[in-house]
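Novice: Just so you know, the protein sequences line up as chains F and Z, in that order. For the first sequence, this note's numbering gives the first residue as 527, with consecutive numbering after it. For the second sequence, this note's numbering gives the first residue as 79, with consecutive numbering after it.
In case anyone wonders, no lab produced these hints; they're calculated from the structure. Do not rely on the hints blindly, as some may be mistaken.
Said to hold, decoys possible - Below are the DSS-like pairs computed for lysine-lysine, each with C-alpha atoms no more than 25 Å apart in a straight line:
hint, chain 1, residue 1, chain 2, residue 2
1, Z, K218, Z, K257
2, Z, K257, F, K815
3, Z, K93, F, K556
4, Z, K206, Z, K218
5, Z, K300, Z, K218
6, Z, K186, Z, K206
7, F, K556, F, K815
8, Z, K209, Z, K186
9, Z, K186, F, K556
10, Z, K98, Z, K85
11, Z, K209, F, K556
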Amino acid sequence: MTTTDPSTRDDVVSVRMPARGLAHDLRAIKVVLHREMLRFVNDRTRMLSMLIQPVLWLFVMGTGLGTLVRGSIPGVDYRTFMYPGMISMTVIMTAMFSAGSIVWDREFGFLREMLVAPVSRGSIVVGKCLGGAVVAVGQGVVILAMAGLVGVPYSPGLMVTLLAEMFLAAFTITAFGVTLAARMRNMQTFFGLMQMAIMPMMFLSGAMFPLANLPSWLHVLTTVNPLTYAVDPMRQAVFSHLSVPAQAQAVLNPGVRWFDWQVPVPVELGLIALIGLTLLGLAVAQFRKAE
Amino acid sequence: MSAVTVKDLTKTYGKVEAVKGIDFEVRSGEVFGFLGPNGAGKTTTISMLCTLVNPTGGSATVAGHDVVRERDQVRQNIGLVFQDPTLDGYLTAEQNLRFHAELYGVPKPLVAGRIQQVMEMVALWDRKDAKVMTFSGGMKRRLEIARGLLHSPRVLFLDEPTVGLDPQTRAAIWGYINKLRHREDITIFMTTHYMDEAEYCDRIAIIDHGEIVVIDSPEALKASVGKDRVQIHTGDDDTAITALSERFGIEAAVHEGAVTFAVASGEEFVPRLFAELGLPIRAVSVSRPSLDDVFMSYTGSTIRDAESGTGNEWMKAMVRR
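Take these sequences, add in the hints, and give me the full structure.
Specialist: Here you go:
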């Protein structure tokens, strides 16, 4: 075998790479995000199962429990109360599943294709988290469409607020999931751990029952639960667009209190963003180390 | 300029020395084979050259860039095909390549043309819209080779590119690799433990127990093992043996029912044999030493024997990944 004379070569499109920079990292983020969306759109079963769950909660559980508690919350449908909780639940589950795909990618080798590319670990992790957030918001939009069925008005202001809050919550949850998934080697372990972490957080977040008049131990747990600060802004947004008697308002939408201080919504959102960014940094560090 | 330069490269895992200070150079444009049994240090070496594993000691440059200090430049200039598939089965073949093009920053106007070019090279263009999970093992490997080439790397690393494939597919993959070196300005660095595949390489390094035993072209290696083996069938073997000894000074013996002896270049010796032996010869066969013989003579075991030995660096690499 001899080395080929260059003159006999076919005309090859030779691709020489530009130097790496911010534009390249942005391109990497975009393509990782794009893949997440392609994967989601292709997976109809996952989309459907993610939708059925909140519908069951909202219309079956919500209607059932609603008849039981009707007397104690005059003028408010229990399903209306549950509605923001269901939005957050859907967003959280979808985001966790997106994060779990990192474990899947590792099991099937595709993670290697990403990790050997000449891009920073950061752009891959950011792409994943944004992907999880976008997909979760997409799923949340379907729940938003059901607003009218539970007596929540389709006000543009409310919809935009909820979408932004969903995005923030989903980004943070995906970052949390990716941090968990960074070192995990199989899906079973990941989903086991995820159930263990997410279920109690969801129960304690105010998604299912109001956080007013709780025994003090439970109140403490709900206050330290980060998910509480993702659910509460959504509930505040929904309730500000309803006319609810003050008495029911106090029971159903008490907000979060640190000792005697009522935590305002911007602080709650800032907290979620801060946690999200911290987790993101942690996830990037995990992937750097894992190499 | 050499495509790969390795100086005193060392890797230890705890107390195990997987690679014990190796030195070699791969010339630009050649097909370089890294040959050795599983556990010899092949995958560890290739992982260090591809910046996936940091060396414990020594240094290496790939395409002119240091594998530790200029990791991204190295990555930009190499293509990788691993032993295990690293494709996304839920995406189509084209989507997989597009993903790669974006990650490697292939200039946007060139992406579509380049994807078509590499997919045509491996004869998968007509399957571009099929999900990769519907592909056979050979098709996946071809797609991975195409992907490895997409960003026009200067060096293509193939780690056991044909392992686990049937003979036809192996032959086809080699066909593509040969075509490729004629079409692209590229150096190919591959590991294999199939002796017959090593014949396709310009030069071969034999590695065993973390050390390079020898580096040379397949022909030179075979020549270094020594002579060709000639077997003749005659009517009278004893007379033939005596005649060989008297006229040519060659020692011969009967093996496998034929008079067998070794000479430096068998093909040139045969005409002289017919002319000068003075006996009728019914049949003659000349066999050249194979790379199996080469491996045997340098490592003292056949490659299959060596594989059943201890140490499985590949498993270790997987655990560490």
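Novice: Which hint numbers does the structure go against, in order from smallest to largest?
Specialist: 2, 3 and 5
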